[in-house]
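Residue numbers (our numbering), protein chains in the order written: chain D, 1 to 393; chain B, 394 to 608.
Among the hints, a few may not be true.
As the list claims (entries may be wrong) - Pulled from the structure, derived: some chain B residues nowhere near chain D, Cβ distances all over 12 Å: (1) I417; (2) E487; (3) R500; (4) I572; (5) V586; (6) Y594.
Unchecked claim - Here are the simulated BS3-like pairs of lysine-lysine, each with C-alpha atoms no more than 25 Å apart in a straight line: (7) B:K590 / D:K9; (8) B:K597 / D:K9; (9) D:K302 / D:K343; (10) B:K439 / B:K590; (11) D:K332 / D:K163; (12) B:K597 / D:K97.
In case anyone wonders, no lab produced these hints; they're calculated from the structure. Even glycine gets a Cβ: it sits at the ideal position worked out from N, Cα and C.
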Amino acid sequence: MKAVCWMGKSNVETLNVPDPTILNPHDAIIKITRTAICGSDLHLYNGFIPTMEAGDILGHEFMGVVEEVGQEVTNLRRGDRVVVPFTIACGSCQFCKTKLWSACDNTNPNAHLMEAAYGYSGSGLFGFSHMMGGYAGGQAQYVRVPFANVGPLKIETDLPDEKVLFLSDIFPTGYMAAENAQVQEGDTVAVWGCGPVGQFAIASAFMLGAARVIAIDRIPERLALARQVGAVTVDYSEDDMSVLTALKDLTGGTGPDSCIDAVGLEAHSGDLQGVYDTVKNALLLETDRPAVLRQAIQGVRKGGTVSIPGVYGGLLDKVPFGAAFGKGITMKMGQTNMHNYMKPLLERIEKGQIDPTYIISHRVTLDQVPEMYKIWRDKKENVTKIVIDPWAA
Amino acid sequence: MSKPLSEKPNAEAICSSVAAGILINGHYASPPEGKDGKIWVRTCAKVQSDPATLYALWRNVERAPEWQEQIVEVRKTGERTSHWVMRSGDDRIEWDSEIVNDEPAKRIVWRSIGGDSDNAGEVIFESALGNRGTVVTVLQEFRMGKLASLWETIAGRNPKQAVIENLRHFKALAETGEIPRTQGQPSGPRGRVGEIKQSAYGEKTPTPPATRIAS
Numbered sequence: 001m002k003a004v005c006w007m008g009k010s011n012v013e014t015l016n017v018p019d020p021t022i023l024n025p026h027d028a029i030i031k032i033t034r035t036a037i038c039g040s041d042l043h044l045y046n047g048f049i050p051t052m053e054a055g056d057i058l059g060h061e062f063m064g065v066v067e068e069v070g071q072e073v074t075n076l077r078r079g080d081r082v083v084v085p086f087t088i089a090c091g092s093c094q095f096c097k098t099k100l101w102s103a104c105d106n107t108n109p110n111a112h113l114m115e116a117a118y119g120y121s122g123s124g125l126f127g128f129s130h131m132m133g134g135y136a137g138g139q140a141q142y143v144r145v146p147f148a149n150v151g152p153l154k155i156e157t158d159l160p161d162e163k164v165l166f167l168s169d170i171f172p173t174g175y176m177a178a179e180n181a182q183v184q185e186g187d188t189v190a191v192w193g194c195g196p197v198g199q200f201a202i203a204s205a206f207m208l209g210a211a212r213v214i215a216i217d218r219i220p221e222r223l224a225l226a227r228q229v230g231a232v233t234v235d236y237s238e239d240d241m242s243v244l245t246a247l248k249d250l251t252g253g254t255g256p257d258s259c260i261d262a263v264g265l266e267a268h269s270g271d272l273q274g275v276y277d278t279v280k281n282a283l284l285l286e287t288d289r290p291a292v293l294r295q296a297i298q299g300v301r302k303g304g305t306v307s308i309p310g311v312y313g314g315l316l317d318k319v320p321f322g323a324a325f326g327k328g329i330t331m332k333m334g335q336t337n338m339h340n341y342m343k344p345l346l347e348r349i350e351k352g353q354i355d356p357t358y359i360i361s362h363r364v365t366l367d368q369v370p371e372m373y374k375i376w377r378d379k380k381e382n383v384t385k386i387v388i389d390p391w392a393a
Numbered sequence: 394m395s396k397p398l399s400e401k402p403n404a405e406a407i408c409s410s411v412a413a414g415i416l417i418n419g420h421y422a423s424p425p426e427g428k429d430g431k432i433w434v435r436t437c438a439k440v441q442s443d444p445a446t447l448y449a450l451w452r453n454v455e456r457a458p459e460w461q462e463q464i465v466e467v468r469k470t471g472e473r474t475s476h477w478v479m480r481s482g483d484d485r486i487e488w489d490s491e492i493v494n495d496e497p498a499k500r501i502v503w504r505s506i507g508g509d510s511d512n513a514g515e516v517i518f519e520s521a522l523g524n525r526g527t528v529v530t531v532l533q534e535f536r537m538g539k540l541a542s543l544w545e546t547i548a549g550r551n552p553k554q555a556v557i558e559n560l561r562h563f564k565a566l567a568e569t570g571e572i573p574r575t576q577g578q579p580s581g582p583r584g585r586v587g588e589i590k591q592s593a594y595g596e597k598t599p600t601p602p603a604t605r606i607a608s
């Protein structure tokens, strides 16, 4: 089959590799009908996530048709249409039983690597480094899905793939970000980063009752998308722009009730702190560039909530913890507990409350993917979301 | 009450009661340090099952190859004795083992009684606090010898890590009926560096099958 392989920093290739096979009794093989490139794939592309190795198949946002199931798979059969969550959960451990699916104990074969880095291991993820399980991902024509009784969501209506594809990661991730932000009726919510997760966080904050959402980015087409769903926008790259002043001005001086960092570890900032973080990254004194996190902590109102769906990988420097303590804020974060959100969000799509296709800008083939990673990284061609048909020539 | 851990290799009773010596008279005791050519490993896991079921799975020594790395065969030779075969590539070691303390649904203590390995161990099954499953605590002791050398040749796993991974496999098997694996999945070309890194990550150590090995 064809698959997109990570071959080194800033180097991905579409290669012919062997087809996946059933390896465990709860496995299923899915013939992928649609897949996508995620913002977090750029952290891999840019070499920020350790334990990526040459040959790793990328991709964790995919859906398709069940091709084959292992002997213990009871709720899927060949021909079923499914969306697969990017976190792999066993459904039986202490964490799955308490709905903390992304903290699953039993799905990371390389748990010891993550334990060494983080203290404890979370669930395995598709196509997201050896530390996170080393599972082959879904920017490919086929994929092996472990614990198929637990993860895949059956699509039993004739909704087109593109409308449900983002249930595999970014829609639930944006939704959990808004839920983690503890949005109350009438709240004002600030969202940094208007990429796909930010867009769905904005839409979800409105669903949960936000009266105003302030969307912060520098890319015109992304800010336009945010305005399209009702947000007010702030372009942080404008001359003399102070985001913190903007947040004060837009909230009657109190600051947003919740701040959502949908950017994560590779934040850009033009000022001195941007230079500071880039230098520290280069000297390996810091692994992440937490410019947005600093601003979110600084900007949130007293007693407010900072929610972090953006990915962080390692060590952060100059995080204003005094501000966090001084204002008594709450911080919530983590990989998405996918399994809690897929079904309710599918229902919202079925009822027509949201059509997630509004973020798609590019539809490509597998062979075009290496080039698309560059465009995605450089934010060229007005890119907002790249969807792949793995069978298109 | 609990006694301090024995310094003797192949101790007849490595320790008594209370989670392999984690708490002694209400006070936390650090894992024992390896010394004098001896390796000690203590590790624990919380498993969503009951002590009796987990005891039965562990006590059925002939099922050990399903979840213990590199163990290819275990044959019962008596009510409390068994013969163990471990293999890595072309290397192979064998030893006999004896259960010296057997408390159903609670605790098993064993030691080697001849062959290529000098080891002893204890496993304890206790209900977790707040009815949150069963805490399984393992304490194992190895005398360095041919066994350790063989283990050392297996890239990415020293005996200490192997004990930790084996308990992880035991938990996964007990909770889910399988052991997570990636061996056998497709990938692009790894190159030499990729191969070495995979060894360093322990990905070259065969994941136990989680099902009965056909003999």
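Need the list of violated hint numbers for this structure, in ascending order. 4, 5, 6, 9, 10, 11 and 12
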